[in-house]
Amino acid sequence: MADRERIQELSAAGRHKECLQACQNALQGNPEEVYAYKYAGKSLLALGQLDKAQQFLVKANQLDGSDPEIAKDIGNIFSNLGNTDNALQWYEKALKLKKTYAPAINNIANLKRQSGSYREAINLFKRAIQADPNLIQAYVGAAASFLALGDLDQAASFAEKALAINANAPKLNEILGIVFQNKGKLDQAIKCYQKELKVNSKASNSLLNLGHLLLQKGQEAAAIESLEKASALAPSEQCSFLLAQAYQNLRQFDEAIVEYKKLNINRPKNKLIPFNLGLCLLETGENNAAIEAFQIAIQIDEAFVEAWGNIGTALMNEGRYQEALPATQKVLDLDPNNSDAHTNLGNIYKNLGNLDQALASTLKSLELKPDNPTAHMNLGNIYKDLGNLEQALTSTLKSLELKPDNPTAHINLGGIYKNLGNLEQALASTLKSIDLKPDNPDAHINLGGIYKDLGELDQALASTLKCLELQPHNPTAHMNLGSIYIDLGNLDQALTSTLKSLELEPDNPTALANLLNIHVDGDLKDLKSIALQVLEKNNDNLNDLNFVETISSMGKKFALETLTADKSSVQ
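In this text, residue positions in the sequence shown follow the numbering used here: the first is 1, and each later residue adds one.
All the given hints hold, so there is nothing to weed out.
Quick list of the computed label-pair ranges, beta carbon to beta carbon:
(1) PRO336 - PRO438: 34 to 44 Å
(2) SER117 - PRO336: 54 to 64 Å
(3) GLU237 - ASP356: 48 to 58 Å
(4) PRO472 - ASN200: 50 to 60 Å
(5) SER117 - ASN30: 37 to 47 Å
Just so you know, these hints were derived from the structure itself, not from any lab. Every residue gets a Cβ at the ideal spot worked out from N, C-alpha and C, and that includes glycine.
Assemble the whole structure, with the sequences as input and the hints as a guide.
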């Protein structure tokens, strides 16, 4: 008797390996001991060893055909194997042995629930509860069935009754969480999911739903923590989608891309999946991959304005302005008053050299959206290229009034002040830009130019070297560095920097003129050879004022021979 009680205790405590050993010991003493076969079968069932469990339980049933629990457990084996018909037969056998045997009624109810027969299942769960008012599983099943039918109040009622019996019973707080979530009571839903996770830290559905709600409330970091746990336990497309959104909101674009790529973006279902992937790729500079993602979104919805707009943006980022033009025009075909598209169109026309159309498009953008800081900044750039520096200044200042911490606008302002001859203001604006974005090579190269014009050559040198540290293959920076070294009298370094600039951009007339300046004290024959090589590389340099002035400064005869020479004879 003591052995039997010990085996029952081990089984109830879930100590199944110890229970099996105790059953084996009992069977050695009595090979026909029913309870030993019964509890060995129960432990093997719990451990997932279904074939062995069936052998032991069938033997127990043969020895004692009057125990409904044995018949119910054999039914559980068939249920786990997906054999519903045999499972149902064994549960019914258990009920023939004991009409009010609640676990068997409950299991039949679960089979009905799994098949979608929720009303029939509910009646059976109620019958099981009537037979055993403390059978928690029946309350859980009834609550889940009502939930499936959309009867939230009844689902909550059964869940609350079960929690009154056992506050630590699993699944019940999760059901209440779903009820509150469906009623829009997010804070109460969150509390319920958190309670469920205290009872069962591996409740993957609670982790998923909790992460979703935290994301809705803008608590992305906490959402990610919950969703990552859910993904580890039960990976799903929904979980990856929510994780991707959370990472995207935190601007952790690489992590977001990983999660989006777990989804089937080619499936014509949700255009936002490829669209959001495209946005993340755009942020990481993967413009061509972004274009592919946006194109998938357009295949799902040809009138997806935002996707067309971002294709245009990605093409502009790649310098493919001619291709960006029809994509941006498509946005305006779909939405003629889209101010952002007019802004982008202006930017495209500017880069294609059509300043009049650039001006018209940008002004149209501001007519539609007067407080767009980007459009005012772009307008300033267009006016600058048109030579209208006062209007360029006004537009750029307006942009900064609307968005004071825009580093690009401060760079532009510095350039305008420099062209106006106001070097102190140019310096202040460019330094402000660097304060806002310290790793911007464009700001550092501009700063170097301003310091050079101010005669502060050491600081000009430091700023230009900083630009090259950030962007080693910038030909303009190497050219400027050469000019600074010329002013410092360091002609060897000047030559090295200028040659590097020409290696990166062979046809730059200013760099070529600098090369001649470096050799100005050399043999005129050598200088003529350099000048002819310059013209052979790009005969348009004859139209460059700096180049012609440099040649002319070396004497009338030298200039005449160089500028009228037969370039085809150069060796």
